[in-house]
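Q: Here are the chains, one letter per residue:
2 protein chains.
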Amino acid sequence: MEKVREIVREGRRVGKEDPRRVVHAFKVGLALALVSSFYYYQPLYDNFGVNAMWAVMTVVVVFEFSVGATLGKGINRAVATLVAGGLGIGAHHLASLSGTTVEPILLAIFVFVQAALSTFVRFFPRVKARYDYGVLIFILTFALISVSGFREDEILDLAHKRLSTVIMGGVSCVLISIFVCPVWAGQDLHSLLASNFDTLAHFLQEFGDEYFEATEDGDIKEVEKRRRNLERYKSVLNSKSNEEALANFAKWEPRHGQFRFRHPWKQYLAVGALLRQCAYRIDALNSNINSDMQIPMDIKKKLEEPLRRMGSESGKSMKEVSISLKKMTKPSSFDIHVVNSQSACKTLSTLLKSGILNDVEPLQMISLMTTVSLLIDIVNLTEKISESVHELASAAKFKNKTKPSKSDSGSIVRAMPNKSHDDDDDDDHHVVTILGDVDTSNNVDQSHGEISVDSCHHVAIKIDDDDSIHEKHEDGDHIHVHTSRVSCEHTNASDLLDSGVKKN
Amino acid sequence: MEKVREIVREGRRVGKEDPRRVVHAFKVGLALALVSSFYYYQPLYDNFGVNAMWAVMTVVVVFEFSVGATLGKGINRAVATLVAGGLGIGAHHLASLSGTTVEPILLAIFVFVQAALSTFVRFFPRVKARYDYGVLIFILTFALISVSGFREDEILDLAHKRLSTVIMGGVSCVLISIFVCPVWAGQDLHSLLASNFDTLAHFLQEFGDEYFEATEDGDIKEVEKRRRNLERYKSVLNSKSNEEALANFAKWEPRHGQFRFRHPWKQYLAVGALLRQCAYRIDALNSNINSDMQIPMDIKKKLEEPLRRMGSESGKSMKEVSISLKKMTKPSSFDIHVVNSQSACKTLSTLLKSGILNDVEPLQMISLMTTVSLLIDIVNLTEKISESVHELASAAKFKNKTKPSKSDSGSIVRAMPNKSHDDDDDDDHHVVTILGDVDTSNNVDQSHGEISVDSCHHVAIKIDDDDSIHEKHEDGDHIHVHTSRVSCEHTNASDLLDSGVKKN
Chain A
1 MEKVREIVRE GRRVGKEDPR RVVHAFKVGL ALALVSSFYY YQPLYDNFGV NAMWAVMTVV
61 VVFEFSVGAT LGKGINRAVA TLVAGGLGIG AHHLASLSGT TVEPILLAIF VFVQAALSTF
121 VRFFPRVKAR YDYGVLIFIL TFALISVSGF REDEILDLAH KRLSTVIMGG VSCVLISIFV
181 CPVWAGQDLH SLLASNFDTL AHFLQEFGDE YFEATEDGDI KEVEKRRRNL ERYKSVLNSK
241 SNEEALANFA KWEPRHGQFR FRHPWKQYLA VGALLRQCAY RIDALNSNIN SDMQIPMDIK
301 KKLEEPLRRM GSESGKSMKE VSISLKKMTK PSSFDIHVVN SQSACKTLST LLKSGILNDV
361 EPLQMISLMT TVSLLIDIVN LTEKISESVH ELASAAKFKN KTKPSKSDSG SIVRAMPNKS
421 HDDDDDDDHH VVTILGDVDT SNNVDQSHGE ISVDSCHHVA IKIDDDDSIH EKHEDGDHIH
481 VHTSRVSCEH TNASDLLDSG VKKN
Chain B
1 MEKVREIVRE GRRVGKEDPR RVVHAFKVGL ALALVSSFYY YQPLYDNFGV NAMWAVMTVV
61 VVFEFSVGAT LGKGINRAVA TLVAGGLGIG AHHLASLSGT TVEPILLAIF VFVQAALSTF
121 VRFFPRVKAR YDYGVLIFIL TFALISVSGF REDEILDLAH KRLSTVIMGG VSCVLISIFV
181 CPVWAGQDLH SLLASNFDTL AHFLQEFGDE YFEATEDGDI KEVEKRRRNL ERYKSVLNSK
241 SNEEALANFA KWEPRHGQFR FRHPWKQYLA VGALLRQCAY RIDALNSNIN SDMQIPMDIK
301 KKLEEPLRRM GSESGKSMKE VSISLKKMTK PSSFDIHVVN SQSACKTLST LLKSGILNDV
361 EPLQMISLMT TVSLLIDIVN LTEKISESVH ELASAAKFKN KTKPSKSDSG SIVRAMPNKS
421 HDDDDDDDHH VVTILGDVDT SNNVDQSHGE ISVDSCHHVA IKIDDDDSIH EKHEDGDHIH
481 VHTSRVSCEH TNASDLLDSG VKKN
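Same order as they appear, the protein sequences are chains A and B.
Heads up: the first sequence begins at 1 in the UniProt record's numbering, then just goes up one per residue.
Heads up: the second sequence begins at 1 in the UniProt record's numbering, then just goes up one per residue.
The set of hints was computed from the structure by calculation and includes no laboratory data.
Keep in mind that a hint or two might mislead.
A pair holds if it fits inside one copy or across any two, identical chains being indistinguishable in the list.
In silico lysine-lysine, DSS-like type, Cα no more than 30 Å apart, as pairs [what the hints assert, rightly or not]: (1) 128 to 3; (2) 221 to 300; (3) 3 to 251; (4) 234 to 221; (5) 266 to 330; (6) 128 to 266; (7) 234 to 128; (8) 300 to 353; (9) 128 to 16; (10) 251 to 128; (11) 3 to 266; (12) 266 to 234; (13) 240 to 225; (14) 353 to 301; (15) 302 to 353.
Since the model is a prediction, treat every value here as computed from it, not as a measurement.
Whenever a hint applies, use it, and build me the whole structure from the sequences.
A: The following block contains the structure:
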């Protein structure tokens, strides 16, 4: 009894987590009841006989949660049945020519070779990712048809019936999955990315308060809720396999909503990988927040202004991406926040150079510098993410924002006053200078070679390069170039100050 | 033609990566040829008729790469066929009682309810992990049997034949997968863990040379080979899903080699999670190594001795674990290396307190302190890993090492002189003090509450606690207690020095 209650509770939890699961269960029930009543229905049964069961089987095996997965499996199954059926008939014909004693031996050899080859092919990474199921069905159908032991005309009839029932089952699945409350893997991937941006943004925006404000031991429930909310980012850490599966399914899906057939799903994975990099840093930062309570607040406060701003500005830029992803518009004020966070980074470096921390104990220094270095990493990653999102936006042909809607302009308005409030004058000039760089610097390699030793960005950027090359080899070069083009590390902070003054 | 050559090249690569794949392909071919010759063999065919195809189907679908996966699927399929067959016959009987007009409607309702419920159950995480395939077959068989449209005695016959052919197919798979070059998932998991320890150990042991020795731009190929060898650790970063799948399969496997039926596979996952934590740190460290070339060598050299020792000693402890895992013996000199690395950590903290870095530029400080903090993290993680490995060793009943074999004693001998060579006198006393702590401290919570602010370990340990709670909730508490019990952070470094002097 206790056991039953537990199962019911578990069921409620699973259903609440994603109500579409309940709908999916009903859809499968519907499809199966439909197909088996075909089976039961006498005229159809007279026509297809036992072969009607292949329709039932197809529905059970092919019907998956998302449209993409269902379509992928259905197409795999239909094509594999067709090809293997043809080859199977051929093999059967060949064997039957050879006389009754050799025939079974020849058939066994055919089956053996076919099964061994196909099984081996299933280990190919590219086959495994998209055609694994098809190869499985290929092995199955080939073996069943070639060895069936029927006369040839019977076999042709068999293959024909089997193919038509498989197609019947497959089509029912696909139709029901597309037209009854469809679950699009592409849409899911898109939303997942947007919500990942959102949770990271939330953490970064709250970071300053969490790090610089003494925690009162007030309402424990409140504190716990706050922490749980902050630590939502942890789901991003392990999102890789989920994203990859969704992207694989999405490739099978037809045009739906605002997604074209050849939507750049691969670019979603690229952005997702960078975002995960960022989440690793945030995870480390989060553990530091707790332990850094040990550092006296007055020491932390010395770096409060730039650190707070680095967090909040990169958070804002991510929030902006999250919103514009949801609306599928190009992010507009996004770059401003990225540049703001970089200028905060420069303020920090000036501050550190001024020797403000000379009297800090070395052991406290370790912890404080870890936080600083993580935040620098995050700022630099934000910039890379910015570039990657721009690529995504243009590849996916996101609309330009014509008239900012309410919630959107809210975010810009919130950003703007902050900017003019937080930034001092030469930070504004940094903005100008850096944006200038983007347009004019053609000497990418050269500038990369001239990186000055004491730029605080450089260290972090190197870290990122390595990491992202590890995470996504293909785009490594591109990112590399980009990094040295846009970010501020190829001139040191004092140079920027100079140029700011000159423009004045 | 180019395409074909490419495919052949890919095939060669896939086969070379794990030659057992080729063997597996042959095994599948063998099983299928065997079962389909049953099918083709007239007396058997006369007995089972078309139902013989269920044997073929079972082989194709059930035969997996490892014994555990095959057994799991086979058992799932047999049990699900049996249960669903019984229920299906019951449903069919019930429906047939109700008269010809109601019968199809009732059957459709049965199928619908059954399919919807079972499909929903497949979303339960525990069901998904181990019984997903069984539920699928349950849905399938129930639908096929209940709707079959035959008379009842025919159905009983059908169910019986289907079950026996499924069992025939399943048993062939299981026998071939166990007796022809078996691939044990448990053995694979075990080896994977050992090799993960090995790659991390390699990195840590090489860390000192990599960080403190200026790279000559000599033989590029040599340098690249060295880097590739160092960066083997990257495979550990994404080992989670692989480990989990293997552990799931291993649970199905019978006693084999030195593994009992209820071998503590779960503990492998716990150790693996900690090891992955360590790999994340190493990844960050690796990126730092490259960027830290910017820090003048003379500054780095100031911290060389303790940093080098922290790396090499934790590397040695991991190497030791790797070796003893391979032999399935309890690691013996393992703890000594852990303690050595901790004492190096203390030397470092003393060094930092002495103000040796007071004249270092703040921006170089960031990078240097990041390296320091990562190494402290790694040392603390090594200690946790040590505890976790000890748990594994006793749960898995590893043998005590009676007579160290050659390669093993090599590792101990290498360790010992290092110890007496590197450690100064009061470090040796640290060892005594810390080991004493393990035995005597019952005041866990109290000591945890008293952590002093200036202990360098504390910060890092906090980080780990949080992370490991995130990675493995169940053991979180345990680790927490452990950490505050064994490690040296609940007394600060000067306390330890005092106690060392007292014992003198």
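Q: Hints first: check each against the structure and report whether it holds.
A: Each hint, compared with the structure:
no., hint, verdict
1, 128 to 3, "between (39 Å within a copy, 18 Å between copies)"
2, 221 to 300, "within (27 Å within a copy, 46 Å between copies)"
3, 3 to 251, "between (41 Å within a copy, 23 Å between copies)"
4, 234 to 221, "within (20 Å within a copy, 40 Å between copies)"
5, 266 to 330, "within (18 Å within a copy, 47 Å between copies)"
6, 128 to 266, "both (17 Å within a copy, 28 Å between copies)"
7, 234 to 128, "both (29 Å within a copy, 22 Å between copies)"
8, 300 to 353, "both (16 Å within a copy, 19 Å between copies)"
9, 128 to 16, "between (32 Å within a copy, 17 Å between copies)"
10, 251 to 128, "both (15 Å within a copy, 24 Å between copies)"
11, 3 to 266, "between (44 Å within a copy, 24 Å between copies)"
12, 266 to 234, "both (23 Å within a copy, 22 Å between copies)"
13, 240 to 225, "both (27 Å within a copy, 29 Å between copies)"
14, 353 to 301, "both (16 Å within a copy, 22 Å between copies)"
15, 302 to 353, "both (13 Å within a copy, 21 Å between copies)"
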